[in-house]
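Engineer: Each chain, written out:
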Amino acid sequence: MRLADRLLAVDRRIIYLLVGIGTLIPLLFPIGLPVTITPPVRSAFEKIESLPPGSVVVVSFDYGPSTAPENDPQADAVLRHCFARKIRVVGMALYSLGGLSVAVEEMNKVAAEFPLEYGVDYVNLGYKDGAQAALRRMNENLHELFPRDAFGRPVSELPLMQDVRSLREVDLVVSLATGIIGEWWINLVNAQFGTPVIVGSTAIGTPKYYAYLKARQAEGLLGGLKGASEYERMLSDRYPVVAEIYRSPTLYTATQGMDIQTIVHLVIIALVVLGNVLYFVSRFRPASGDRHA
Amino acid sequence: MPSIGTWLGALLSLAILSFLYKDNPLFRFAESLFAGVALGYYIGNQTNQTIKPNLVLALTRDFAANWDLIFAGLLGIGLYFRYIKKLAWLARVPLGIYVGYYVGVTITQKLHGEVLPQMKDTILPLSGPGLAPLWNGLMIVGVFSVLLYFFFSLEHRGAVGVASRVGILFVMVSFGAAFGYTVMGRISLLIGRFNFLVNDWLRPLLGAVF
Numbered sequence: 001m002r003l004a005d006r007l008l009a010v011d012r013r014i015i016y017l018l019v020g021i022g023t024l025i026p027l028l029f030p031i032g033l034p035v036t037i038t039p040p041v042r043s044a045f046e047k048i049e050s051l052p053p054g055s056v057v058v059v060s061f062d063y064g065p066s067t068a069p070e071n072d073p074q075a076d077a078v079l080r081h082c083f084a085r086k087i088r089v090v091g092m093a094l095y096s097l098g099g100l101s102v103a104v105e106e107m108n109k110v111a112a113e114f115p116l117e118y119g120v121d122y123v124n125l126g127y128k129d130g131a132q133a134a135l136r137r138m139n140e141n142l143h144e145l146f147p148r149d150a151f152g153r154p155v156s157e158l159p160l161m162q163d164v165r166s167l168r169e170v171d172l173v174v175s176l177a178t179g180i181i182g183e184w185w186i187n188l189v190n191a192q193f194g195t196p197v198i199v200g201s202t203a204i205g206t207p208k209y210y211a212y213l214k215a216r217q218a219e220g221l222l223g224g225l226k227g228a229s230e231y232e233r234m235l236s237d238r239y240p241v242v243a244e245i246y247r248s249p250t251l252y253t254a255t256q257g258m259d260i261q262t263i264v265h266l267v268i269i270a271l272v273v274l275g276n277v278l279y280f281v282s283r284f285r286p287a288s289g290d291r292h293a
Numbered sequence: 001m002p003s004i005g006t007w008l009g010a011l012l013s014l015a016i017l018s019f020l021y022k023d024n025p026l027f028r029f030a031e032s033l034f035a036g037v038a039l040g041y042y043i044g045n046q047t048n049q050t051i052k053p054n055l056v057l058a059l060t061r062d063f064a065a066n067w068d069l070i071f072a073g074l075l076g077i078g079l080y081f082r083y084i085k086k087l088a089w090l091a092r093v094p095l096g097i098y099v100g101y102y103v104g105v106t107i108t109q110k111l112h113g114e115v116l117p118q119m120k121d122t123i124l125p126l127s128g129p130g131l132a133p134l135w136n137g138l139m140i141v142g143v144f145s146v147l148l149y150f151f152f153s154l155e156h157r158g159a160v161g162v163a164s165r166v167g168i169l170f171v172m173v174s175f176g177a178a179f180g181y182t183v184m185g186r187i188s189l190l191i192g193r194f195n196f197l198v199n200d201w202l203r204p205l206l207g208a209v210f
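Protein chains in written order, with the working numbering: chain A, 1 to 293; chain B, 1 to 210.
What the hints contain is simulated information worked out from the structure, not anything from laboratory work.
Note that CB positions come from ideal geometry on N, CA and C, so glycine has one too.
Covered stretches of chain A, going by a simulated chain B footprint (3 or more residues, C-beta under 8 Å):
id, region
1, 21 to 29
2, 63 to 71
3, 91 to 99
4, 187 to 194
5, 209 to 222
6, 261 to 271
Produce the entire structure from the sequences given, and follow the hints as far as they go.
Structural biologist: Here it is in structure tokens:
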């Protein structure tokens, strides 16, 4: 068997191994590749930047552990931005399989980095079922939809929620979304009630959100890990206190993740090119009978 | 030393990743465990975060203000009549209300929030500064040719055939972009798992041992 044929018939587990090695090496030895900022992320950043201190932002955790490696860095960056600007945050979750858990974990983790008081500077309303019905209700009465927060405390007793009775008192919604929930915030809440919306989507969901962004139905878009890394870059450049957090050696960031993405993409591109070259070599080589002629 | 939760997570992650080598009982155990835990989480989540605060506590603490929730509760229970043969027909009532409500909401949502704004954004000027006319023209050609590609009441021959061929090119570019993003998304998930295994499990473990 020729080398080209042998390579074309290579065991797929060899490819898994190469991708695994490509992931592991930059994870152990970070490269620090530069991050370029794209307009959708800049637009999202500037929107939050334009809100005065004391504004209210809803951060909706519309994802679960299955996409946490993409959405967690987005959530962390947006929360750090809001808290650094003294913007009040109302957290909630609309994704049933783990939305509540990531909301509790991420909000507690990031809030601990700032001198904040629960109930005054931020609240976590927890998970609510009902899909579009829940979103419609939010515009009428948040307190009836969320009578208790994620930890069972009556929402009416939380000082921050005295100022926020419905989405009408909310300045911006940031939906960190897997699947279709980010679209609901845009084509229901933004379209019908006019609340500005930013979406942090998984990479797979990102292409469809560009249509909403271009039609100005969304204020900004953080697409996958790349979007999160761009946000981290802008945040670190603008806020030294946040830059200090991102410099922590024990903190995994989207920027580090993009180093790994780059290496693995190079491995995949090399494999695609090699596969195509070998395919054409094997296709156009002379038949075995011709060689003996 | 890593916590018990981290150990469980790491070992189950390795069990799932072992499928890349070949199917095995450890992978099937981890897969079944994941499905079971996910279902349990779902039931607990719905009960504690929605049914309890929005129905049970609302009725028990202030019945006079919330008595109408009884109807919502009965409709929810009614869905389960499908498991009793003689009363299965009763389940159609709440299902009908449920479907009717969401169809009504979704039609308005799609038309008002998606179809009309997207149509409006396609009505673009073919004049303007710089490359704007070119990009706007490209957008218009793309939208119409793709729509024509999916229009099956006309045979795709002649001018319609040419336009639909252009449409398929736009569709292919769109698929290419979606595929590229899909690769990035999947690699992100792999990075997340490797990061957990290396930084949350292996490093503390090696630090504790050596």
